[in-house]
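Student: Sequence:
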Amino acid sequence: MNIRDVQRKLDVITDNLEKLEQLASKSFKDFSSDFRNSDSVLHRMQTSIQALLDIGSYVIASRALRTPDTNAEVVEILAEAGIVPSDKTEVYIKMSQFRNRIVHLYNHIDTGTLYDILTHELTDIKDFLGCLLDTFR
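For the sequence shown, position 5 (counting from the first letter as 1) is numbered -14 according to the working numbering, and the numbering increases by one without interruption.
Quick caveat, the hints were computed from the structure, so don't treat them as lab data. As the structure is a computational prediction, the values presented were derived from the model and not from experiment. Every residue gets a Cβ at the ideal spot worked out from N, C-alpha and C, and that includes glycine. Check before you lean on any hint, since a few could be wrong.
[To be verified] So the derived label-pair ranges between C-beta atoms look like this:
| no. | residue 1 | residue 2 | range |
| --- | --- | --- | --- |
| 1 | Phe117 | Thr92 | 35 to 43 Å |
| 2 | Ser8 | Arg118 | 33 to 41 Å |
| 3 | Asp20 | Lys107 | 42 to 50 Å |
| 4 | Asp115 | Arg(-15) | 18 to 26 Å |
Assemble the whole structure, with the sequences as input and the hints as a guide.
Tutor: Right under this line is the structure:
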């Protein structure tokens, strides 16, 4: 991965966040009445979280830190290096686990849970992104 790849991933995250915020503004009734809303949220969350983890892996490699074996280790290494706050480590690990859940257990995510995550936890994606962006400043 190179800096152009990082920029493309940042663009994906930015675009996804804009769309997710639009969907988050819907009432639960409106959100749940159209399956395309859930499908869109699942895809946009999965690709946003994956892009964050990919950028995190790039930062880790560029600083010659230890190589992560799992997505959770990406977060742990970033925390050890002071790139993400240690008090957010569990939040970001849970985010990576949610990405795994989307990929592998997509049929076990109910609309209510998805809507709750959409309306209450988008700031976690933004915060993680902010931490990663700080490494490029």
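Student: Now, for every hint given, state plainly whether the structure supports it.
Tutor: Results for each hint:
no.	hint	in the structure
1	Phe117 - Thr92: 35 to 43 Å	36 Å, holds
2	Ser8 - Arg118: 33 to 41 Å	38 Å, holds
3	Asp20 - Lys107: 42 to 50 Å	22 Å, violated
4	Asp115 - Arg(-15): 18 to 26 Å	20 Å, holds
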